[in-house]
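Participant: So you can see what is in the structure, the chains are spelled out below.
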Amino acid sequence: MRLELIPRPNVSPVMRAIAPVIAFAVAFLIAGFVIWLMGRSPVSAFQVYVLHPLADTWALQELLVKATPLALIAIGLSYCFRANLWNIGAEGQFVMGAILGSWLALATHGTDAGPWVIPAMLVLGVLGGMLYGLIPAFLKTRFGVNEILTSLMLVYIAQLTLDYLARGPWRDPKGFNFPQSVTFDPAATLPAIIEGSRVHYGALFALIAVIVTAFVMNRSLFGYRLRLTGDAPRAARFAGFDPNRTTLAVFAISGGLAGLAGIAEVSGQIGQIQPSISPGYGFTAITVAFLGRLNPFGILAAALVIALTVIGGESAQIMLKLPLDLTLAFQGILLLCVLSADALVSYRVRLVGRGAHA
Amino acid sequence: MNIRVTLGALAGAAALALSAGGASAQEKLKIGFIYVGPVGDHGWSYQHDVGRKAIEKAFGDKVETTYVESVPEADSERAIEQLARTGHKLVFTTSFGFMEPTLKVAKKYPNVKFEHATGFKRAPNVSTYAAKFHEGRYIIGQIAGKMSKTGTIGYVGAFPIPEVVAGINSYFLGAQSVNPNIKIKVVWANSWYDPAKEADAGKALLDQGVDIIAQHTDSPAPLQAAEARGKFGFGQASDMERFAPKAQLTAIIDNWADYYVARTKAVLDGTWKSEDTWGGLNAHMVVMAPYKNMPDDVKKMAEETETAIKSGKLNPFKCPIVKQDGSTVECKGGAALSDEQILGMNFYVKGIDDKLPQ
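Line by line, the protein sequences are chains A and B.
Numbered per the working numbering, the first sequence spans residues 1 to 358.
Numbered per the working numbering, the second sequence spans residues 1 to 358.
Don't read these hints as lab results, they were simulated from the structure.
Some clues are possibly wrong.
[Stated by the list, open to error] Calculated cross-link-like contacts (lysine-lysine; reagent style DSSO-like; alpha-carbon spacing at most 30 Å): (1) K321/A <-> K265/B; (2) K107/B <-> K321/A; (3) K350/B <-> K321/A; (4) K108/B <-> K174/A; (5) K321/A <-> K108/B; (6) K174/A <-> K299/B; (7) K107/B <-> K174/A; (8) K174/A <-> K318/B; (9) K321/A <-> K53/B; (10) K321/A <-> K28/B; (11) K174/A <-> K28/B; (12) K174/A <-> K246/B; (13) K323/B <-> K174/A; (14) K323/B <-> K321/A; (15) K121/B <-> K174/A; (16) K321/A <-> K149/B; (17) K321/A <-> K104/B; (18) K273/B <-> K321/A; (19) K62/B <-> K321/A; (20) K350/B <-> K174/A; (21) K89/B <-> K107/B; (22) K149/B <-> K323/B.
Given the sequences, and given the hints that come with them, work out the whole structure.
Facilitator: What follows is the structure, encoded as structure tokens:
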């Protein structure tokens, strides 16, 4: 006996739309069952995990702060993934953007540099991520090197470069040799959108990226070129689209947005260079991109959902004393449910008996 | 501003309502902990959690404790603030990297008391505390110097930050004091907690002819590597005897319990004020596990050294301290190096062949 997936001839658009909702419900049921097994109340867990963050302005702001890097990176990745190109190195592009932008922050530290510093840092951040993203793209177009491997391996180089800088040349001279830079001057700090909160301008950039991407993907020739290259590479070539140019373009966009996310995170949230500046945003963003089905608005929603699970997970630890492992398990269950729901919308499962021919 | 305050109060009320198990919930002193690692690391975070449990045991119904584990340092501000805004009046942030976020949150919540481990920046509501682990390292250095048959001892370090470097120096000076020809090899795991990497580091040392391993990383993996090869090692942070009953000679135990209980009492009594605490063997912040698996004369020596350090007769960093390059370190603390010199140590002492990564 085995299971077989049979493509459905007609995929119901209604089902496609409500599949994520069903997936969520199922994930919560499974997690609720586990919590019940632990002798806790699933209802209060749901309240703390989901309702409480959504009903609290502070938590909502934190949600935006957390979702910002995820959304920015994932939007960039959607360009690559649409074109069937696998940029796994957003984490490295994020870090390189942060490094290049922070260089200016540290170079102007303690001087009376004017308000040009922050815009210049952002530009450098974009450039850092973009150039770093172009390395695997160049290696692929010039030498046919697999971009999955090169982009991934470049992550470690970026991380170790940051590590070196934080422990070496960029170390705060008054910091007892501890591995972190001076804290950035106000002129090098990305301002908050709402005064007094932690929501910085990165959130606005993410929103702009979503809207622009929605337009590019659906209304521009470039977007068409990407989708065609991804779905039917031969047809794209017949149409005169140069696959190499597409590769370079999407990696530049993807890297640039990751770099922007990196410098926004360092200058808006952390406020200094540390040996590690990301709890894996570049990798989580891959999940976010697929959770959002590579649709810009879907990605925005997915980034918020992932941010919600992180914040809800912390609340659950604090208020219900539920262990962190449960949060991690829940994230896994949620992803599995969403992907399964997606698969079940497009395919139906058939039980094939022993001896049947494939 | 007013709107936010009101909403914050509402959220606080909601939080209370959620946790309204007992009517006395409001009167309890709520104490929060932020851990950098998993609570089950059997090292650093585990020992802080032992301290947390000691608070619960000492004060029973008067306190309620909470922890958030595996908090990434660059993304810790939210978790710290979450504790502050859910009614925790005393918050321990137990890793160096939480320094700036702790200060940022402390500024926003002047009525909450913060205790930051191993940092150097204080505020009216932020104390700092750390332990003189290097005192224990001098003792294990002497034991290693006596016990080594190959004349080469090993050290698994996490990161070349001052605290770790001072530990290596103290360990080596201890070994040198009983065996002037002793050699040391250092391997960096570049992680505080990564059992696989730590085990590899331990094996690499053993392959190079090391027969005694000391470690400044948090898992029992290096010690277990020594056990597997019939060699010796030392427990780190907690008594790791059960992981390596034949290999563990002793362990340097981080004992935060006394300090945590004292600070909690100070808050309950209303006598808490911002301080810097740096206690060693004498203050009971550093405790040696029973000396085992060694001849009686070595055990006797270790016990005598421990007594001498406790009484202040012996200081591991008594002057003159000679650097690798042969220059003598300026003696700023009278008969020994000053606390500042030890806390900012970024050089190896003479006799260590390795090069300190800078």
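Participant: For a quick check of understanding: which of the numbered hints are violated here, in increasing order?
Facilitator: 3, 6, 11, 12, 14, 16
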